[in-house]
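Given these sequences and hints, build the entire structure.
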Amino acid sequence: MPPTKRTLALSLALTAALASLIGAAPASGSHAAGTDRHAPRPTVVLVHGAFADASSWSGTIRRLRRAGYPVVAVANPLRGLSDDTAYLRSVLATVDGPVVLVGHSYGGAVISGAAAGDSRVKALVYIAAFTPDKGESAAQLAAKFPGSTLGGAVNPRPYPLSGGGTGTELVMDQVKYRHQFAADVSAADAAVMAATQRPVSTLALEEKARDAAWKTIPSWALIATADKNIPPAAERWMARRAGSHTTEVDASHAVPVSRPAVVTDVILDAARTTR
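The sequence shown begins at 577 in the numbering used here and counts up by one.
Quick caveat, the hints were computed from the structure, so don't treat them as lab data.
The model shown is predicted, which means the values in this text are computed figures rather than measured ones.
Built from N, CA and C at the ideal position, the CB exists for glycine as well.
Any given hint could turn out to be false.
What the hints assert, rightly or not - Quick list of simulated restraints, FRET-style, between CB atoms:
{"hint": "1", "residue 1": "ARG817", "residue 2": "TYR735", "range": "29 to 35 Å"}
{"hint": "2", "residue 1": "GLN716", "residue 2": "THR742", "range": "19 to 25 Å"}
{"hint": "3", "residue 1": "ARG642", "residue 2": "TRP813", "range": "20 to 26 Å"}
{"hint": "4", "residue 1": "GLY644", "residue 2": "LYS710", "range": "17 to 23 Å"}
{"hint": "5", "residue 1": "THR778", "residue 2": "TRP813", "range": "30 to 36 Å"}
{"hint": "6", "residue 1": "GLY741", "residue 2": "ALA763", "range": "36 to 42 Å"}
{"hint": "7", "residue 1": "ARG642", "residue 2": "ASP826", "range": "36 to 42 Å"}
Structure, rendered in structure tokens:
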């Protein structure tokens, strides 16, 4: 039975309305302008420094995961700045999507090199860390201002180089570890940290930086005002030079362990600002 004029008109009207709705709907995967509701959260990549290991980020990792951020804590080799930078780049190559790159202590020098030329790195976060310019070493920056007592707390020891010969690495005296590195950490936890510390090659501290990614990537800095490894004055000077968003906290050099909530807040600020 052929449709009536009324039925045909109603059908045409419904078809036109449906087409209008389809045309107005956003394409699959897109979102309204001015919102980042569907934007992927960056992966937070954490890089420890000398005399520590990746477990120093444990409190920060738990908090970041509760906030919904994927996290990777890198085992920094601590063998040489160029080698450590190359290793971190190899890790970054396995991470999908945007990255917030965080470095503690010597790890700051490593992230400054590894982020250079990587458009996926959206923010750099320096936690009581070195922020070297091209041609500067960690050792040079640590000596720029008075206040570091690290030299009297470490012992040199030889280690075999892969290509032959012998290198020198520094190990912190376990008896002096808490006073020097982690004065605001419990004695029991500091003893574990001292026993599990990762020695650093003198080459890592003396090798000069080849890149300074903080010149092109937004940066954040947390200054540990009771730091005995890197003078707080040096941390402030480097943060000002880099134009970093800066926070200060009364903490030892082991601030990721003693003040993980503050460290997490700085990282989250960087992550949310750069999304």
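Query raised in the report: Is it true that ARG817 and TYR735 lie within 29 to 35 Å of each other by Cβ?
Result: 34 Å, holds
Report task. Given the range 19 to 25 Å, decide if the beta-carbon distance of GLN716 to THR742 lies inside it. Result -> With a Cβ separation near 24 Å, GLN716 and THR742 satisfy 19 to 25 Å, so the hint holds.
Requested in this report: Just tell me: holds or violated, for the beta carbon distance of GLY741 and ALA763 against 36 to 42 Å?
Outcome: 39 Å, holds
Query raised in the report: Is it true that the C-beta distance of ARG642 to TRP813 lies inside 20 to 26 Å, as the hint says?
Result: 34 Å, violated
Query - Range hint 17 to 23 Å (beta carbons of GLY644 and LYS710) holds or violated - result: 36 Å, violated
Query raised in the report: Cβ-Cβ distance between ARG642 and ASP826: within 36 to 42 Å?
Result: For ASP826 against ARG642, whose Cβ atoms are near 25 Å apart, the range 36 to 42 Å is violated.
Query - Whether the CB-CB distance between THR778 and TRP813 falls inside 30 to 36 Å - result: 24 Å, violated
Going through the hint list in order, the structure does not satisfy hints 3, 4, 5, 7.
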